[in-house]
Amino acid sequence: EAQVTQNPRYLITVTGKKLTVTCSQNMNHEYMSWYRQDPGLGLRQIYYSMNVEVTDKGDVPEGYKVSRKEKRNFPLILESPSPNQTSLYFCASRRVSSYNEQFFGPGTRLTVL
Amino acid sequence: AQTVTQSQPEMSVQEAETVTLSCTYDTSESNYYLFWYKQPPSRQMILVIRQEAYKQQNATENRFSVNFQKAAKSFSLKISDSQLGDTAMYFCAFMKSMGDYKLSFGAGTTVTVRA
Numbered sequence: 003e004a005q006v007t008q009n010p011r012y013l014i015t016v017t018g019k020k021l022t023v024t025c026s027q028n029m030n031h032e033y034m035s036w037y038r039q040d041p042g043l044g045l046r047q048i049y050y051s052m053n054v055e056v057t058d059k060g061d062v063p064e065g066y067k068v069s070r071k072e073k074r075n076f077p078l079i080l081e082s083p084s085p086n087q088t089s090l091y092f093c094a095s096r097r098v099s100s101y102n103e104q105f106f107g108p109g110t111r112l113t114v115l
Numbered sequence: 023a024q025t026v027t028q029s030q031p032e033m034s035v036q037e038a039e040t041v042t043l044s045c046t047y048d049t050s051e052s053n054y055y056l057f058w059y060k061q062p063p064s065r066q067m068i069l070v071i072r073q074e075a076y077k078q079q080n081a082t083e084n085r086f087s088v089n090f091q092k093a094a095k096s097f098s099l100k101i102s103d104s105q106l107g108d109t110a111m112y113f114c115a116f117m118k119s120m121g122d123y124k125l126s127f128g129a130g131t132t133v134t135v136r137a
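For the protein sequence lines, the chains are A and B, in the order given.
Counting from 3, one number per residue, gives the positions in the first sequence under the numbering used here.
Counting from 23, one number per residue, gives the positions in the second sequence under the numbering used here.
A hint or two may mislead.
[To be verified] Listed next, the in silico SDA-like pairs over lysine to any residue satisfying Cα-Cα at most 20 Å (straight line): (1) A/59 / B/25; (2) A/20 / A/111; (3) B/118 / A/17; (4) B/118 / A/61; (5) B/77 / A/103; (6) B/118 / A/114; (7) A/67 / A/17; (8) B/100 / B/121; (9) A/59 / B/121; (10) B/118 / A/72; (11) B/118 / B/79; (12) A/59 / B/100; (13) B/95 / B/39; (14) B/100 / B/40.
Honestly, the hints are just simulated from the structure, not real lab data.
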């Protein structure tokens with residue numbers, strides 16, 4: 003089954019404790035992206051990657067890191083989480099051409115205390 | 023930067039009735055794509071319908087249709103014959119035709135279908 007997977011689905015952590023949210027897709031998509039969803043703000047892009055070893059900032063990159071060492075994986079790293087990073091996070095992927103659908107993962111609910 | 027505005031935070035509709043969700047956007051691009059996504063309580067993001075800006079014909083997918091007014095920069099979603107399973111948050115999204123494939127989302131409209 004073609005899908006984007008994220009782990010963990012739920013995470014409660016404390017301020018300053020480094021964490022990684024994994025994202026993997028099995029569709030051989032070049033493009034991958036991370037979004038965060040907050041009430042009243044919709045989804046906002048954090049980082050994206052057009053291909054292996056190519057990453058760039060989105061609209062709200064502060065406090066996050068990413069890497070793209072393999073085509074299928076695009077982990078999101080919070081090196082020192084803060085309470086304002088409490089949010090719902092989505093990973094997404096798509097083929098690099100103009101009109102293809104963007105596939106979303108199931109979301110990760112992160113709470114930083 | 024593109025901005026997408028959904029002015030209705032919440033809407034309620036009786037089962038089998040029709041509801042229309044509004045969306046306006048701001049862009050200087052001449053070609054682009056517009057989308058409506060559905061997010062049910064499961065939180066999964068589901069593509070409902072999409073429209074290419076250079077196409078004048080409004081997109082339709084079963085009970086879902088759009089009214090695309092390019093000059094007015096308006097992209098409303100009509101849900102006909104509403105069903106209980108349509109209860110969800112709906113997001114309008116914009117994407118440039120060329121570039122970083124970023125989706126710019128509106129704040130969302132929560133739709134509740136009443137039995």
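Hints, verified against the model:
no.	hint	result
1	A/59 / B/25	holds (18 Å)
2	A/20 / A/111	holds (16 Å)
3	B/118 / A/17	violated (37 Å)
4	B/118 / A/61	holds (15 Å)
5	B/77 / A/103	holds (17 Å)
6	B/118 / A/114	violated (34 Å)
7	A/67 / A/17	holds (16 Å)
8	B/100 / B/121	violated (29 Å)
9	A/59 / B/121	holds (13 Å)
10	B/118 / A/72	violated (27 Å)
11	B/118 / B/79	holds (19 Å)
12	A/59 / B/100	violated (34 Å)
13	B/95 / B/39	violated (26 Å)
14	B/100 / B/40	holds (7 Å)
Taken one by one, the earlier hints fail for this structure at numbers 3, 6, 8, 10, 12, 13, listed in ascending order.
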